[in-house]
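Spelled out, the chains give:
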Amino acid sequence: MSKTIPQLKIINRLHVLRAERRMTQEQLANEVGVTRATIVAIEGSNYNPSLELAFRIARYFQVDINLIFSIEEETK
Amino acid sequence: MKRFDSILLKIFLFGLPIVIIVFAISNQGMINQDKTFLKWLWDLTGIIFATWMALSLYLSLKLMISEPLRNHVLTKLTFIRERDEREAMLTGRATRTTFLTSIAILVFLFFLSCFQVSIGKLPPNKTIEGKHNYLSLGIGFRFLESPRSSMPKDTPENENIFSYTCLPLSSTTLILILILWQIISYNYSMRRLTKRKME
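For the protein sequence lines, the chains are A and E, in the order given. Residues 1 to 76 (the numbering used here) are what the first sequence spells out, left to right. Residues 1 to 199 (the numbering used here) are what the second sequence spells out, left to right.
In case anyone wonders, no lab produced these hints; they're calculated from the structure. Quick reminder that beta carbons are idealized off the backbone N, C-alpha and C, glycines included. Please note that a few of the clues may not be correct.
Unchecked claim - Distance condition first, Cα-Cα at most 20 Å in a straight line; then the derived SDA-like pairs of lysine to any residue:
| id | chain 1 | residue 1 | chain 2 | residue 2 |
| --- | --- | --- | --- | --- |
| 1 | E | LYS195 | A | VAL40 |
| 2 | A | LYS9 | E | ARG196 |
| 3 | E | LYS195 | A | ALA41 |
| 4 | E | LYS195 | A | THR35 |
| 5 | E | LYS76 | E | THR165 |
To be verified - Pulled a few chain E residues facing chain A out of the computed Cβ check, cut under 8 Å:
| id | residue |
| --- | --- |
| 6 | ARG83 |
| 7 | ASP84 |
| 8 | GLU85 |
| 9 | ARG86 |
| 10 | GLU87 |
If we strip away everything but chain A, and leave its shape as in the complex, we get (with noise of 0.2 Å):
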């Protein structure tokens, strides 16, 4: 029997800090060196960016990074 392993979904609250610091989409793409189409998907949970790039993220907001990324298992 195979383990069964849960489904996990990354939420984050990029859109909060972003509102939070009054920056565009535009501006946070320049800050972290992405272009503005990742920063809309990360956003809409249709990307999980890499660890680098979370980091980078985070660093940019100077919080942790959990305070950003954070997962929830996802119910069927």
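The hints should help you fit chain E onto chain A, whose structure is shown.
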């Protein structure tokens, strides 16, 4: 990309309109006129054309072995954009789709090029058990291109209704179709992936 290759690439690209003009002129039959200027012009364009041909061979060979040249030229020709990690990931997925569909097409074309089918009518004196139609099936593989002669011929005795021996396309057309397929498939997959919600 080396400076030398960059210069050669520019010469190749700027020479392309001249080659098209040469092709158009040669089809018009203007060269046959007994005019010194036209003869001289024809000789000059001939040299340009020969140089362009040599350049195209050199650059296509260089594209196979030189990664910087390949990255510089082919990414522009195929509209590959990898501005960040997300686009690089999407490129990987689109390339995978393109690779697999290309393999599928090539397998299909391989079978089409191997199979031989012929349907025809036998003469009345050669009927077998009262049947006068025949269906001939065959499979063949040739390493080098050669005329196919194993299939029943349309003779005064045999009336060939349908015969299929190989792909009707020329090798040049086939290669061109495959090149275009690669570009179209990649760009279509990329567009679809950027619109689709990713996991």
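Here is what the structure says about each hint:
no., hint, result
1, LYS195/E - VAL40/A, "12 Å, holds"
2, LYS9/A - ARG196/E, "17 Å, holds"
3, LYS195/E - ALA41/A, "10 Å, holds"
4, LYS195/E - THR35/A, "15 Å, holds"
5, LYS76/E - THR165/E, "39 Å, violated"
6, ARG83, "5 Å, holds"
7, ASP84, "4 Å, holds"
8, GLU85, "5 Å, holds"
9, ARG86, "4 Å, holds"
10, GLU87, "7 Å, holds"
Hint 5 from the earlier list is the only one contradicted by this structure; the remaining hints agree with it.
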